[in-house]
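From first to last, the protein sequence lines stand for chains A and B. Counting from 1, one number per residue, gives the positions in the first sequence under UniProt numbering. Counting from 1, one number per residue, gives the positions in the second sequence under UniProt numbering.
These aren't lab readings, by the way, just hints derived from the structure by calculation. Every clue listed holds true.
A short, non-exhaustive set of chain B residues, derived as facing chain A with CB atoms under 10 Å:
| hint | residue |
| --- | --- |
| 1 | K14 |
| 2 | L15 |
| 3 | P16 |
| 4 | S64 |
| 5 | W65 |
| 6 | R66 |
| 7 | H79 |
| 8 | R89 |
| 9 | Q92 |
| 10 | F94 |
| 11 | P100 |
| 12 | L105 |
| 13 | S128 |
Below, in silico cross-link-like pairs of lysine to aspartate or glutamate (DMTMM-like), each with a Cα-Cα straight-line distance of 25 Å or less:
| hint | chain 1 | residue 1 | chain 2 | residue 2 |
| --- | --- | --- | --- | --- |
| 14 | B | K14 | A | E106 |
| 15 | B | K14 | A | D133 |
| 16 | A | K14 | B | E99 |
| 17 | B | K14 | A | D12 |
| 18 | A | K14 | B | E101 |
| 19 | B | K14 | A | E101 |
| 20 | A | K150 | A | D37 |
| 21 | A | K14 | B | E106 |
| 22 | B | K43 | B | E152 |
| 23 | A | K14 | B | E130 |
| 24 | A | K14 | B | D133 |
Stretches of chain A that chain B covers, calculated by requiring three or more beta carbons in the stretch to come under 8 Å of a beta carbon on chain B:
| hint | region |
| --- | --- |
| 25 | 52-64 |
| 26 | 74-88 |
| 27 | 103-117 |
Ideal Cβ positions, reconstructed from N, Cα and C, are used throughout, including at glycine.
Take a look at the letters that make up each chain.
Protein chains: 2
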Amino acid sequence: MHKITETVIEADPKLPVIRMARDFAATPEQLMRAHTDPELFAKWVGPDGLTTRIEHWDARSGGSWRYVAAQGDAEFGFHGSFHEVAPGRIVQTFTFEGEPEGVALETLWFDDLGDGRTRLRAQSLVDSFEGRDAWLRSGMETGVNEGYAKLERMIADGAV
Amino acid sequence: MHKITETVIEADPKLPVIRMARDFAATPEQLMRAHTDPELFAKWVGPDGLTTRIEHWDARSGGSWRYVAAQGDAEFGFHGSFHEVAPGRIVQTFTFEGEPEGVALETLWFDDLGDGRTRLRAQSLVDSFEGRDAWLRSGMETGVNEGYAKLERMIADGAV
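If we strip away everything but chain A, and leave its shape as in the complex, we get:
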């Protein structure tokens, strides 16, 4: 298995799915903490220049979440439910409140690569190819890459 140091973002040709993968110099438990501890999560999620404010956070199976990303006066709300929070896997719903009809089903896997490294794999499933492709064209790649770069620095600094 070769190392994935930049985020790989792929659209499935046959399913309305986006897949992402990236390796981190962290254990699965550290990555799980970075995704479930609200204070840690707010520090790295999203593109540079936006500040994340957690409005609601209950990171357990059956819980739910909401946060607002702000840049000056502009605010963008996101919310969803945690279907499953278990060692190695998080399954959650995801709605960007600017498009309240849209709901994605997201799955995150934390694959132990040994030697303190973990591969984060993420899958986002929606109910149309048009919606999936519009999301890919929206600039989500920048947010994902800048967010994971922040997480990488936090890991290197011992903050996770």
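Given chain A, put chain B in place with the hints provided.
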């Protein structure tokens, strides 16, 4: 729009989706109640011969649910999260605990047809065509049809 008196169950040819539709002699509010009130829901969901026991039920956006369907000593558990419970639409996750890795994203719409009639439309989205087709072959059609027939009788009896 013609009447849909039997349940229409369709597999989308291009998306890993099952769609269902059926008309009921009830208002959208009555159908919403039949899907959100745990005592009502337990009385109609699932095939004849199984008894539904609600284990957890919090039918609001961000809530979650779990129930067990029992026939003699055989028990089948199901659980999920309510992503959205709003007038006209419910969005929820769904896992059959016999296949704990599988998660469907379900959307229900209650379309007012006027004259006290409502079209229930339901969509179930999964992340593979194989999983979708196995679910279709599992006999879910019987459970859906027998369940909706029970709901129809409850509506006729004034129980909803």
